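Engineer: Chain residues, written in single-letter form:
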Amino acid sequence: MIGIVMFAVALLMLLVGFPVAFTFGGVALLFGVFAEGAEMFAFMPFRIQSIMENTVLMAVPLFIFMGIVLQKTQLAEQLLESMGKLFGGVRGGLAISTVLVGALLAASTGVVGASVVAMGLISLPVMLKYKYDKSLACGTICASGTLGQIIPPSIILIILGDVLGIPVGDLFKAAVGPGLMLIGIYVVYILIYSYMKPEAAPALPLDDDVKNKREQYTKALIAIVPPLALILIVLGSIFAGIATPTESSALGGVGAMILAALYRQFSWKMVLSSAQETVKVTAMVFAILLGATAFSMAFTYTGGDYIVEEVLSDLPGGATGFLILSMLAILVLGFFIDFVEISFIIVPILAPVADAFGIAPVWFAILIAMNLQTSFLTPPFGFSLFYLKGVAPPQVTTMDIYRGVMPFIIMQVAVVVSILLFPSFYGLS
Amino acid sequence: MFLLRLEQVINSFSELMGKISAVLFVLMLFNVFIDVVMRYVFNDVSIGMQEMEWHLYAAVFLLGVPYTLKTGGHVRVDIIYDGLSAKTKSIIDMLGCLILLFPFCALVGWYGVDFAREAFELGETSGDPGGLPYRWLIKSVIPFAFFAILISGVGLFLKSLNVYLGNSQADDYQPPQH
Amino acid sequence: DDKVYHLKLAETWGANTPLLGDTTKRLAYLAKTLSNGRLQIRIDSSNKHKAPFGVFDMVRAGQYDIGHSASYYWKGKLPNSLYFTTMPFGMTAPEQYGWFYYGDGQSLMNEVYEPFGLYSFPGGNTGVQMGGWFQKEINSLADVQGLKIRIPGFAGEIWAKLGAKPVNIAPGDLYTSLERRTIDAVEWIGPSLDIQMGFHKIAPFYYTGWHEPASELQFLVNKKAFARLPADLQQILTTAMRVVAYDMYIHFQHESAVNWANMKREYPAIQVKSFPKDVINAMQAANSALLAAHAEKDPLAKRIQHSQASYMAKARAWTEIADQAYLNSMSE
Ligand code: NA
Ligand code: NA
Chain A
1 MIGIVMFAVA LLMLLVGFPV AFTFGGVALL FGVFAEGAEM FAFMPFRIQS IMENTVLMAV
61 PLFIFMGIVL QKTQLAEQLL ESMGKLFGGV RGGLAISTVL VGALLAASTG VVGASVVAMG
121 LISLPVMLKY KYDKSLACGT ICASGTLGQI IPPSIILIIL GDVLGIPVGD LFKAAVGPGL
181 MLIGIYVVYI LIYSYMKPEA APALPLDDDV KNKREQYTKA LIAIVPPLAL ILIVLGSIFA
241 GIATPTESSA LGGVGAMILA ALYRQFSWKM VLSSAQETVK VTAMVFAILL GATAFSMAFT
301 YTGGDYIVEE VLSDLPGGAT GFLILSMLAI LVLGFFIDFV EISFIIVPIL APVADAFGIA
361 PVWFAILIAM NLQTSFLTPP FGFSLFYLKG VAPPQVTTMD IYRGVMPFII MQVAVVVSIL
421 LFPSFYGLS
Chain B
1 MFLLRLEQVI NSFSELMGKI SAVLFVLMLF NVFIDVVMRY VFNDVSIGMQ EMEWHLYAAV
61 FLLGVPYTLK TGGHVRVDII YDGLSAKTKS IIDMLGCLIL LFPFCALVGW YGVDFAREAF
121 ELGETSGDPG GLPYRWLIKS VIPFAFFAIL ISGVGLFLKS LNVYLGNSQA DDYQPPQH
Chain C
1 DDKVYHLKLA ETWGANTPLL GDTTKRLAYL AKTLSNGRLQ IRIDSSNKHK APFGVFDMVR
61 AGQYDIGHSA SYYWKGKLPN SLYFTTMPFG MTAPEQYGWF YYGDGQSLMN EVYEPFGLYS
121 FPGGNTGVQM GGWFQKEINS LADVQGLKIR IPGFAGEIWA KLGAKPVNIA PGDLYTSLER
181 RTIDAVEWIG PSLDIQMGFH KIAPFYYTGW HEPASELQFL VNKKAFARLP ADLQQILTTA
241 MRVVAYDMYI HFQHESAVNW ANMKREYPAI QVKSFPKDVI NAMQAANSAL LAAHAEKDPL
301 AKRIQHSQAS YMAKARAWTE IADQAYLNSM SE
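Chains as they are written, first to last, in the numbering used here: chain A, 1 to 429; chain B, 1 to 178; chain C, 1 to 332.
One chain only, chain A, in its complex shape:
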């Protein structure tokens, strides 16, 4: 019961507008101390230490740094503008480029905070500069940044593999199809949307100094190469066995500095100021994690996990009914609870039931992973939304972001439904 009240209070308090991280932490404190006493907070250093030792999260500052250096040196702008120009007269080119770059970043990290923030830094300013609709820009960035969660390597898939007892490699392979489907559907949506609403995603104008389209294409292709190569090197270093996925983001950071040097923009002053920006954004991401771990501590230690367990342990319906209801349950819970909590608290309750119905575990896992990915985007507690807000310029409001992600949430739900109905299409049955 306390858990439910705590959620309601947190929701209201968040709306007041005090920073999210400390609202989570403070509400956890009020309820935790009231229900169990202050000693509960003696657990906090242990939980913080777990975050400190979770080296996979090192990718967050490293990717942010890469994004900031690329942005400061205007290489990000050059990459996206040139990609956008390759689309010629087709509208929405910048947004589509964002999805593609997001997909590449997604293939080199499994940490959403890292890719959303990096994409926000790289592409939001460019889209705004070219008068893209703010909501479309924000939705595109949140959705493509969140792709990191389904396109391997992925933290969700690793946790689900652990919880469900499935080899991680099997899940990684199975997730590729649905991931590509999402990329495809985003691109198609952007094409249709910008065809119907030309002012939302204008085509990029030709440069003044080029005579014809062909010259423009050549110029764009040449400009794309260096920054794109950097991202491909990050990815390639994982495939070649040079670096682990986490370490590859450091190669990205060093590579960005080398690129800056090649373009004669390198200086230690630039590095240090980029580092300081990096720290600012990193701390924003981790403060939310710190607040959220306090919140989930207060939630579970006051019996919240038992409430969730009770509700979920007897879902009615046969195999299909169970699948639909469990997906709905996860989707709804995803509005409020962090994906790690869902994986650890809820999935173990559902797994034996799915097993009893003879539901293929990999299929079930992919459905859950897709669903949890959506939870990153769902207001009010969607972490991707917070992350993007943290790096967006002041004229982008929370409402712009909320509005922007809606169509992408609908697309994700549609893909989940398609996996539910046609598992064989994705090779999942």
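A couple of the hints might just be wrong.
Unchecked claim - Calculated cross-link-like contacts (lysine to any residue; reagent style SDA-like; alpha-carbon spacing at most 25 Å):
no.	chain 1	residue 1	chain 2	residue 2
1	C	LYS201	A	ALA240
2	C	LYS136	B	ILE79
3	C	LYS161	B	SER46
4	C	LYS75	B	SER46
5	C	LYS8	B	GLU118
6	A	LYS173	C	PRO204
7	A	LYS219	A	LEU191
8	A	LYS173	C	TYR267
9	C	LYS75	B	TRP136
10	C	LYS48	A	LYS131
11	A	LYS131	B	ILE79
12	C	LYS224	B	LEU122
13	C	LYS302	B	ASP114
14	C	LYS223	A	GLU36
15	C	LYS201	B	GLU118
16	C	LYS161	B	PRO129
17	C	LYS297	B	ILE79
18	C	LYS224	B	ASP114
19	C	LYS75	B	GLY131
No wet-lab data here; the hints were simulated from the structure.
The structure presented is a predicted model; accordingly, all values stated were derived computationally and were not measured.
Please build the complex by placing chains B and C with the ligands on the supplied structure of chain A, with the hints as guidance.
Structural biologist: Just chains B and C with the ligands, lined up with the frame of chain A:
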């Protein structure tokens, strides 16, 4: 003005945390890079250097929080907040500090002291060959950081108070420059 | 007296970790039924407390009354905790249980833990753990040079002495790193738990064990919490711990056999290998040298080592003419 002066002192403390954290970040970046190069090119691995990676990363994000608080970089749900007057905003921030931020940071910092002291008393080290000694050092970053957030929070409180009292103008948060 | 006593238990693993997570559930069940409901144990797994390696501190501080973990995890805090899980080239599980229950094992373990307000009891055995999954075959000591292997702790130190390079890789990066050959080998546990990691699909060689012949888990009990229990519940608790420890050992034996059969059937290409003699000899030499260095620094370490060595000498002589001779007579 004493209140303004105090706010400035606290702000420069938070700025200092940000500078330290930024330097540690650059060290961490090169730390990871060197570890990759050593392993792949020279087939050499140092567990101590590998542990140094997470020591630095942990210090970066923990010490960064007070700095980000000072710069107004922590995300807010601003659906309502955005439309409010500077005075109302300052009231929200003062109350938020008093009810949410101060007690949270004080309590976590308080328990963090015990946490670090235990590691010190046991002389805790890494359990891995060639790992780093003096675990209490990195563990004591937890209480240090939370007390630093608390101090930075006092800065936010004073800033709001000064706005409320009309001693100073509200300044808007400047996100990473575009 | 029908007062109900509640104990809180923190375990290092997740609630659904096969075998390990079952052991604490059995403990709670046994304690409850044997005491007619008077002894209730609440289990918090790492999913809940989020501090898998904070179990020692949390039980010590009284945040939890019982912990289920492994002694060697505390090596960085308590160097002598190393000796109560398993030792490279040490005793097998039956031999080691003999040492714990009828030799000096339990009393030496108390000597190590009591100063910290803790009791430690055997908490279930995994049996022989495998040497690891390797991307390349080890034919001689030369192949070990520069070998990048993920293996923590004391065994990692031995590998390092041989010229290998133990690495730290985040568990989340482990699969991709082994698959892409960023590292050459991964030491994990054995068929019963390795199968869900999927290493068998990406690494061809499965090496037999040498470093953990009998990993014994541990129940840590806060002394004050234990003292608060009436005598009969204390007896019920210790008895239940002993029963579930033994039961885990048998359960592991069973699951390893079943999973190995499955793995072999599904992936007949897996090549089981043992390390060549020169590598084993070098490991033994490194092990002895490291142990001697520990003994020199700490008289208690010296006594524990001595107790283990002399118990093992006796026990092994019997194992050789009993189990080993029996198995030998069957093969051929
Ligand atoms: Na990914
Ligand atoms: Na959500």
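Engineer: Each hint should be assessed against the structure and marked as holding or not.
Structural biologist: Results for each hint:
no. : hint                 : verdict
1   : C/LYS201 to A/ALA240 : holds, 18 Å
2   : C/LYS136 to B/ILE79  : violated, 58 Å
3   : C/LYS161 to B/SER46  : holds, 13 Å
4   : C/LYS75 to B/SER46   : holds, 19 Å
5   : C/LYS8 to B/GLU118   : holds, 22 Å
6   : A/LYS173 to C/PRO204 : holds, 19 Å
7   : A/LYS219 to A/LEU191 : holds, 24 Å
8   : A/LYS173 to C/TYR267 : holds, 18 Å
9   : C/LYS75 to B/TRP136  : holds, 15 Å
10  : C/LYS48 to A/LYS131  : violated, 47 Å
11  : A/LYS131 to B/ILE79  : holds, 23 Å
12  : C/LYS224 to B/LEU122 : holds, 20 Å
13  : C/LYS302 to B/ASP114 : violated, 32 Å
14  : C/LYS223 to A/GLU36  : holds, 23 Å
15  : C/LYS201 to B/GLU118 : violated, 43 Å
16  : C/LYS161 to B/PRO129 : holds, 10 Å
17  : C/LYS297 to B/ILE79  : violated, 64 Å
18  : C/LYS224 to B/ASP114 : holds, 19 Å
19  : C/LYS75 to B/GLY131  : holds, 12 Å
Figure legend: structure checked against the earlier numbered hints; hints not met, in rising order: 2, 10, 13, 15, 17.
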